[in-house]
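**Q** Read off the chains here:
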Amino acid sequence: MVRDITLGSRAIAKRRGMTRQQRRTLSFYTFILPWLLGFIFLGIIPLVVGFLTSLTDYDGINIATIKFMGLANYLRAFKDPDVIFSLGRTLIWMLLNLPIWLVMSFTLALILNQDVKGRGIFRTLYYLPSVVPTVAAITAWKVFLDKNNGLLNGAISLFRPGTAIGWLSSYAMQGMTLIAVWGGLGYGMIIFLAGLQGIPDELVEAAKIDGANTFQVFRHITMPLMTPVLFFQLVMGLISSFQQLNLPLILTNVGLSQGAVPPRAIYLYMIHDYQQIFISSRYGYGTALLWILFVGVILLTALVFWSGNFWVYSDAPKEGGQK
Amino acid sequence: MNYQMQARLTKRFNRLLGYTILIVVAILITIPIASLLVTSIKQDSEYNAYPIRILPKVAQWVNYVRIFTITPFVQVAWRTFLLGFTVAVLTTVTSAMGGYAFARFRVAGSGKLFTIIIALLIVPEIVLLIPQFILFARLHLTNTYWPWILGALGGSPFFIFMFRQFFLSFPRELEEAAEVDGCGPFRIFLQIFLPNAKPVLATVMIFCFMGVWGDYLRPLIYLSDSKTLLGVKMAKAFVNPQGVTLNTVSMAANVLYILPLIVMFFLAQKHILKGVVTSGIKG
Numbered sequence: 001m002v003r004d005i006t007l008g009s010r011a012i013a014k015r016r017g018m019t020r021q022q023r024r025t026l027s028f029y030t031f032i033l034p035w036l037l038g039f040i041f042l043g044i045i046p047l048v049v050g051f052l053t054s055l056t057d058y059d060g061i062n063i064a065t066i067k068f069m070g071l072a073n074y075l076r077a078f079k080d081p082d083v084i085f086s087l088g089r090t091l092i093w094m095l096l097n098l099p100i101w102l103v104m105s106f107t108l109a110l111i112l113n114q115d116v117k118g119r120g121i122f123r124t125l126y127y128l129p130s131v132v133p134t135v136a137a138i139t140a141w142k143v144f145l146d147k148n149n150g151l152l153n154g155a156i157s158l159f160r161p162g163t164a165i166g167w168l169s170s171y172a173m174q175g176m177t178l179i180a181v182w183g184g185l186g187y188g189m190i191i192f193l194a195g196l197q198g199i200p201d202e203l204v205e206a207a208k209i210d211g212a213n214t215f216q217v218f219r220h221i222t223m224p225l226m227t228p229v230l231f232f233q234l235v236m237g238l239i240s241s242f243q244q245l246n247l248p249l250i251l252t253n254v255g256l257s258q259g260a261v262p263p264r265a266i267y268l269y270m271i272h273d274y275q276q277i278f279i280s281s282r283y284g285y286g287t288a289l290l291w292i293l294f295v296g297v298i299l300l301t302a303l304v305f306w307s308g309n310f311w312v313y314s315d316a317p318k319e320g321g322q323k
Numbered sequence: 001m002n003y004q005m006q007a008r009l010t011k012r013f014n015r016l017l018g019y020t021i022l023i024v025v026a027i028l029i030t031i032p033i034a035s036l037l038v039t040s041i042k043q044d045s046e047y048n049a050y051p052i053r054i055l056p057k058v059a060q061w062v063n064y065v066r067i068f069t070i071t072p073f074v075q076v077a078w079r080t081f082l083l084g085f086t087v088a089v090l091t092t093v094t095s096a097m098g099g100y101a102f103a104r105f106r107v108a109g110s111g112k113l114f115t116i117i118i119a120l121l122i123v124p125e126i127v128l129l130i131p132q133f134i135l136f137a138r139l140h141l142t143n144t145y146w147p148w149i150l151g152a153l154g155g156s157p158f159f160i161f162m163f164r165q166f167f168l169s170f171p172r173e174l175e176e177a178a179e180v181d182g183c184g185p186f187r188i189f190l191q192i193f194l195p196n197a198k199p200v201l202a203t204v205m206i207f208c209f210m211g212v213w214g215d216y217l218r219p220l221i222y223l224s225d226s227k228t229l230l231g232v233k234m235a236k237a238f239v240n241p242q243g244v245t246l247n248t249v250s251m252a253a254n255v256l257y258i259l260p261l262i263v264m265f266f267l268a269q270k271h272i273l274k275g276v277v278t279s280g281i282k283g
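Residue numbers (the numbering used here), protein chains in the order written: chain A, 1 to 323; chain B, 1 to 283.
Excised from the complex, chain A in its bound form:
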């Protein structure tokens, strides 16, 4: 204490400053600790364990007889015809689902951004499917689209008796797209709507005074200013398309039973992976497929980010830009 008094006032301030900063550091790490522990134990460690598993022939039970396989699982993946096939189906799924979802939710946002009657009601109604759990959504759609008991076939049968079209079996991919778009439309619309509301009115007014018509305003003002939002949606959509598992899994009610497999049309990459791990107990091979997906998604995301240099308008306020 006595020595403190002998120090100059600046030195005291400095020392206090140091301890204050240290205290702040301590506080920061205390507040962040739960997440940090979660990140280490449920993020990093599972990722590492997953990778290590992918180098073995682990079957989910016997750890004593586990064999190191090197990269054999990865090499096997590239020769597995089902991997190639399911990747193809996943690509088709993405190319079908993503553009339809983007165009439809953007169109709805554009319309609802105008001065229309019942705006709030439409917005609420469109968002409603987003809160319906996938299981219930599929049950509901099955009631409507089922081959033998579905109401749609029932309605068609009034005009063309005996109609039994397998909307969800013969056209599984299209049916699944319908359900996914139905469930995601409101979410997409809300994000686009927020973006549209961020476009300053003065810009649109100025363009109109200069004689631009609706289409020109859309082409030269709305579209460029919306590219960052479109970009965000595209990235998120790509990631979720590739990891799609729930829809085909629930649609065909595969569960954990042996031998039940979704129809080939919706045999997506993650379904193949799921089959390897949970049905055939090929944990090593299954985690290798998972890591291939992970790296693939990162590369694809990087590609989209790079492509963004050419089409994303960079002066526009980005999603969550004000950090």
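What the hints contain is simulated information worked out from the structure, not anything from laboratory work. Where a beta carbon is used, it is the ideal one built from N, C-alpha and C, also for glycine. Treat the hints with care, as some may be off.
[Unchecked claim] Some chain A residues judged to face chain B by a derived CB distance under 10 Å, without partners named:
{"no.": "1", "residue": "Thr19"}
{"no.": "2", "residue": "Ser27"}
{"no.": "3", "residue": "Pro46"}
{"no.": "4", "residue": "Leu47"}
{"no.": "5", "residue": "Val48"}
{"no.": "6", "residue": "Ala64"}
{"no.": "7", "residue": "Lys67"}
{"no.": "8", "residue": "Gly70"}
{"no.": "9", "residue": "Thr107"}
{"no.": "10", "residue": "Ile121"}
{"no.": "11", "residue": "Leu193"}
{"no.": "12", "residue": "Thr214"}
{"no.": "13", "residue": "Phe231"}
{"no.": "14", "residue": "Phe242"}
{"no.": "15", "residue": "Phe278"}
{"no.": "16", "residue": "Val297"}
Given chain A, put chain B in place with the hints provided.
**A** Okay, now just chain B, sitting in the frame of chain A:
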């Protein structure tokens, strides 16, 4: 003159087109829900009848009673509710703590950790979910609810991000005054930040609850039939003790399964939609 008329016509046509699209989409949105409602008050024999009947002869409201008398709906729903509620509270508290830390403390390492949070937003969930399962299985924690509790204790990068964005908009004067009065960061967090963040707290809790309530994959791989959650139960038709499938009763149960979420959405619509926009999370 001619040009003006043309312009007015195009405008009217655009309006008409806009409304047509809105109404067609509204019908498409409603169709499956309406189908589910109609079929949930049919008899099973009517559901299986050929040719397919669209409306029931007599509305079988008794289906909604039978959910409670001949299926374990209440037990499973209660279990799912308790777990969902617990997970929601834990996730919300730890995420709020994280969000507060990132919004208010700029210390060594905080920037790097925040970059990790952002990066985690684009890591496919499934890439972590399956290795987590492998780990929990080795620890003999499958068929318990620990995977949910431990996951909730870690918070979620989405919600940490959401809380951070929200807390950044808080005026600094409030806490500076409190600091002068000798309040530590914990009291500031508990007495200033949390009470003023009620809408976000409610939104995050609803998101978390919906996540557990609507989940299918996790209960499927972690839990046995006697412990499972509503999502898995709903994917299969209920069977009565005699082994007869109760299709329309389980559709009625599906209606009850959706109902709480729809009520919650209506109650907190404004906040939920705002939360969707700030975090980019899909509700």
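**Q** Against this structure, judge whether each hint is valid.
**A** Checked hints:
1. Taking 10 Å as the C-beta contact cut-off toward chain B, the hint placing threonine 19(A) at the interface is violated, the least distance being around 13 Å.
2. Interface hint at serine 27(A): satisfied, since its Cβ lies 4 Å from the closest Cβ of chain B, which is below the 10 Å cut-off.
3. Look at proline 46(A): its Cβ gets to within about 4 Å of chain B, closer than 10 Å, so that hint holds up.
4. The restraint placing leucine 47(A) at the interface with chain B holds, with a minimum CB-CB distance near 6 Å, inside the 10 Å limit.
5. A cut of 10 Å between beta carbons decides the hint on valine 48(A): the least distance to chain B is about 8 Å, and the hint holds.
6. The restraint placing alanine 64(A) at the interface with chain B is violated, with a minimum CB-CB distance near 13 Å, outside the 10 Å limit.
7. At a threshold of 10 Å, the smallest CB-CB gap from lysine 67(A) to chain B is about 17 Å, leaving the interface hint violated.
8. With a least beta-carbon distance of about 19 Å to chain B, the hint placing glycine 70(A) at the interface is violated under the 10 Å criterion.
9. At its closest, the beta carbon of threonine 107(A) sits 7 Å from a beta carbon of chain B; the interface hint therefore holds under the 10 Å criterion.
10. Restraint check, isoleucine 121(A) versus chain B: the minimum CB separation of about 9 Å is within 10 Å; hint holds.
11. Hint status for leucine 193(A): holds, given a least beta-carbon distance of 8 Å to chain B, under 10 Å.
12. For threonine 214(A), the suggested interface contact is upheld, since its CB lies about 7 Å from the closest CB of chain B, less than 10 Å.
13. Because the closest C-beta pair between phenylalanine 231(A) and chain B is about 12 Å apart, greater than 10 Å, the hint is violated.
14. Given hint, phenylalanine 242(A) at the interface with chain B, holds; its Cβ is 7 Å from that chain's nearest Cβ, closer than 10 Å.
15. Using the Cβ-Cβ criterion of 10 Å, the hint placing phenylalanine 278(A) at the interface with chain B is satisfied: the shortest such distance is roughly 6 Å.
16. The criterion of a C-beta within 10 Å of any C-beta in chain B is met by valine 297(A), whose closest approach is roughly 6 Å, and the hint holds.
Violated hints for the displayed structure, listed by number in ascending order: 1, 6, 7, 8, 13.
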